[in-house]
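Since the structure of chain A is provided, determine the placement of chain B on it from the hints.
So the protein lines, in turn, are chains A and B.
Residues in the first sequence are numbered from 1 upward in steps of one, following our numbering.
Residues in the second sequence are numbered from 1 upward in steps of one, following our numbering.
Worth flagging that the hints you see were computed from the coordinates, not collected in a lab.
Any given hint might turn out to be false.
[Claimed, not checked] Calculated pairs, EDC-like style, for lysine to aspartate or glutamate (alpha carbon to alpha carbon, straight line, at most 16 Å): (1) Lys11(A) x Glu83(A); (2) Lys97(B) x Glu14(A); (3) Lys97(B) x Asp57(A); (4) Lys45(B) x Glu3(B); (5) Lys97(B) x Glu44(A); (6) Lys97(B) x Asp39(B); (7) Lys78(A) x Glu14(A); (8) Lys78(A) x Asp63(A); (9) Lys2(B) x Glu44(A).
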Amino acid sequence: GAGVSQTPSNKVTEKGKYVELRCDPISGHTALYWYRQSLGQGPEFLIYFQGTGAADDSGLPNDRFFAVRPEGSVSTLKIQRTERGDSAVYLCASSSWDRGNTDTQYFGPGTRLTVL
Amino acid sequence: RKEVEQDPGPFNVPEGATVAFNCTYSNSASQSFFWYRQDCRKEPKLLMSVYSSGNEDGRFTAQLNRASQYISLLIRDSKLSDSATYLCVVTPTNAGKSTFGDGTTLTVKP
Numbered sequence: 001g002a003g004v005s006q007t008p009s010n011k012v013t014e015k016g017k018y019v020e021l022r023c024d025p026i027s028g029h030t031a032l033y034w035y036r037q038s039l040g041q042g043p044e045f046l047i048y049f050q051g052t053g054a055a056d057d058s059g060l061p062n063d064r065f066f067a068v069r070p071e072g073s074v075s076t077l078k079i080q081r082t083e084r085g086d087s088a089v090y091l092c093a094s095s096s097w098d099r100g101n102t103d104t105q106y107f108g109p110g111t112r113l114t115v116l
Numbered sequence: 001r002k003e004v005e006q007d008p009g010p011f012n013v014p015e016g017a018t019v020a021f022n023c024t025y026s027n028s029a030s031q032s033f034f035w036y037r038q039d040c041r042k043e044p045k046l047l048m049s050v051y052s053s054g055n056e057d058g059r060f061t062a063q064l065n066r067a068s069q070y071i072s073l074l075i076r077d078s079k080l081s082d083s084a085t086y087l088c089v090v091t092p093t094n095a096g097k098s099t100f101g102d103g104t105t106l107t108v109k110p
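Bound conformation, chain A alone:
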């Protein structure tokens, strides 16, 4: 079946611009996660949705970052006033996790964001 998809695969933008990154999870997966990964490091948690609501947004670095999942499926990560330090691969994952069950996350291919 279809896996997690992310668009665009690559995004180059200028410092100060606004960007939106999209994630389409595996059908039926209620949980959706955003991570970002810099070279040589593991994925860093940003935010986690259970259904439409953000269950944990403790990883968002500052208020320039915001994510939504209005219908409990597709999610959009929004970054305002981008900075060069935002350059990274943004990974989305989904799972059928619910309380008490083992959480196996399936990742999308990522969006490589470059801020010039």
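Just chain B now, with coordinates in the frame of chain A:
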């Protein structure tokens, strides 16, 4: 100190070798543990979950020591295709947030 720590390597081993990776975690409340594999410029993919009793999947064996807050991955009879970065992942059961280590890089050479 990072919540999840791994030896970054790189580990360079010949085909057929046995290699072991270790991972330590600081949050004693952590309940779910995984090893993911990540190929260069690709997304992480689940290799195996790690259970308290230890578990094996073919050439791969994972162990968990809750008392020492330590997870291991053993790869026997290494193949060239095992070359990748191996990520240790720790998740509490009451939240979806997962913490990844920075990975251990393995290169298997002919």
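* To do: Quick one: which hint numbers does this structure break? Sort them smallest to largest.
  => Going through the list in order, the structure violates hints 2, 4, 6 and respects the others.
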